[in-house]
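Chemist: Take a look at the letters that make up each chain.
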Amino acid sequence: MSKNGPLALCYHALFVAFMLAPIVVVVCVAFTPEGYLSFPTDHWSLRWFYAIGRYPEFISAFWRSLWLGALSSAIAVGFSVPAALAIARYRFAGRDAMTALFMSPLMIPHVVLGIAFLRFFTEIGLGGTFVGLVLAHIVIVLPFALRLTLASAVGLDRAIEHAAVSLGASEATVLRRITLPLIVPGLMSGWALAFINSFDEVTMTVFIAAPGTETLPVRMFLYIQDNIDPLVTSVSACVIAITVVALVALDRAYGLERLLIGRSVDAR
Amino acid sequence: MSFLALESLTKRFGSHPAVDGLSLAVEQGEFVSLLGPSGCGKTTTLQMIAGFVEPTSGAIRLAGRDLLAVKPARRGLGIVFQSYALFPHMTVGENVSFGLEMQGVASGERARRVAETLELVGLRALAGRFPRQLSGGQQQRVALARALVIQPQILLLDEPLSNLDAKLREEMQIELRQIQRRVGTTTILVTHDQAEAMALSDRLVVMNHGRVEQIAPPHEAYERPATAFVASFLGKTNLLDGASVRPEKIQFAGRGLAGRVRARVFQGNHWLYQVETGSGLVTVIRQNTGEPMPAEGEAVCLAWNSSPPQAKLGEVSAQQTEGS
Ligand SMILES: Nc1ncnc2c1ncn2[C@@H]1O[C@H](COP(=O)(O)OP(=O)(O)O)[C@@H](O)[C@H]1O
Ligand SMILES: [Mg+2]
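Residue numbers (my numbering), protein chains in the order written: chain Z, 1 to 268; chain W, 1001 to 1324.
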């Protein structure tokens, strides 16, 4: 491996600083003793962390976001498997159209989707419900789930499945014992990416969430419309802390690179 | 009646015939090789027997039964793929056990047969390893064990040795032949390596452009090639008076075809000569007996036994080699 030159090192350092600066600033501001957004200079305080306790709707919104992300991502991955296998293996009429359709939520602005879903859900009686949120989130995370599922389906050696068939395995057995286990890394990556996108989503969700079904980002967004205090920074700091812990735990247990790039188990 | 019969088997991809009217009868216990250059339709033929490619026309019969009516999973064939296609998420033992599990063999019996088969390929100690922890040669053996453990009616091998280095390949050739003799499974090998095919097989099926050029035992195909393509594909050859004459059949003599030695190469157990004659450049191989041999630039005469009639190459075969 070649060494990085001083210029490259400098560039990397600046790049990392640029990426991390907003996070560092938010976390620091969360420790301010003041009643407004300010960078703590001489005094640090946990005041705004205690304050979260007085707003149980932030806690429940957090759990709701977690469930919403987990559920919609899992369902999106579930849909992706048959779609990815079909797209990866067969040349059929409408194949390109199908791929384009599944990928289209990436192209449509979330604000447009939000208005459309608001109208649609009100029409069919799902307005402001958790079910409605799940359905809408499935649509927006599907492209991420499908992308990574597709990548692992394309990388699968057909001969491995043929070997199983020649040994007497039925199609269902091949799927359960061979195909699925081999694309699991891709499914996990797809799920993780989909989850992150769902957890983060505010532009669309703000239209379709009702007071009882607000997600965490929506709750924060609505809060800062009426308040100027640093409560949202302490909430952000908590989310960042949870993310860091989750990432470290995942890295220890599974390997982050494997998760986010979706390497298969037999990669050498 | 033969054990396995391919009858006018044809496969077209679009209008391009990958396999064109292939007929072949294989006896029980026989080791037959499909030999030919890359793209001549060997894999397609094997895949049609396995059931993964559907023939455009023709029939396949196994022990009198119509094999095309049987689903691939029910054909009971053992297949070794070029890429080995081991199950990467299963151990060696689990890989070999898979086929028995599918047959519903009880677990005690299964363990016994897995151990027995791994013993046969010399891998008993590695049953707990994963495929990625094995060398290429070992993976090859696992693939063979996995195919053999179900006691297949036919063993199909698609270029099984082509991913191994030359030395290992030779060892595996000998071992493959021994194993096949011991278990007696009817075997069809696909290869583009004529030395491998000749070393292993009872009979060769030499193919070119999807067609059969010759079906014969290795020695016969080498000595009496049916076409110019077979003659040149199976080894060095000279076309003299429209007949194929192998370089090792030509001697330096007092009289015969006159020529001049253009080059000679010493190769240990033999000498390789190129001699310029009135009939063009002739390759001659002489065994090294320790006697003095003609030097470069020397005038020589070449003699050989007039070839048996089978080796006369007609117009048709000359045409067939054009595209190759
Ligand atoms: N699925 C396919 N679609 C189109 N053409 C194919 C397909 N499989 C094989 N062919 C063509 O059929 C011919 C024979 O291929 P193959 O049987 O793989 O040859 P070999 O194994 O002798 O190298 C080749 O020209 C190849 O390009
Ligand atoms: Mg091939």
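Hints listed in this document are in silico derivations from the structure and should not be mistaken for laboratory results. Cβ atoms here follow ideal geometry from the backbone N, Cα and C, with glycine treated the same way. Hints may be right or wrong, so weigh each one.
Claimed, not checked - Chain Z regions said to be covered by chain W (calculated; three or more residues, Cβ under 8 Å):
(1) 206-217
(2) 238-247
Unchecked claim - To give a feel for the contact side, a few chain W residues facing chain Z, derived at Cβ under 10 Å:
(3) ALA1050
(4) ALA1069
(5) GLY1076
(6) LEU1077
(7) VAL1080
(8) VAL1149
(9) ILE1150
(10) ASP1158
(11) LEU1164
(12) ALA1166
(13) LYS1167
(14) GLN1251
(15) GLY1254
(16) ARG1255
(17) GLY1280
Chemist: Output the indices of the hints that this structure fails to meet, ascending.
Modeler: Of the numbered hints given earlier, those the structure breaks are 1, 2, 4, 11, 12, 13, 14, 15, 16, 17, listed in rising order.
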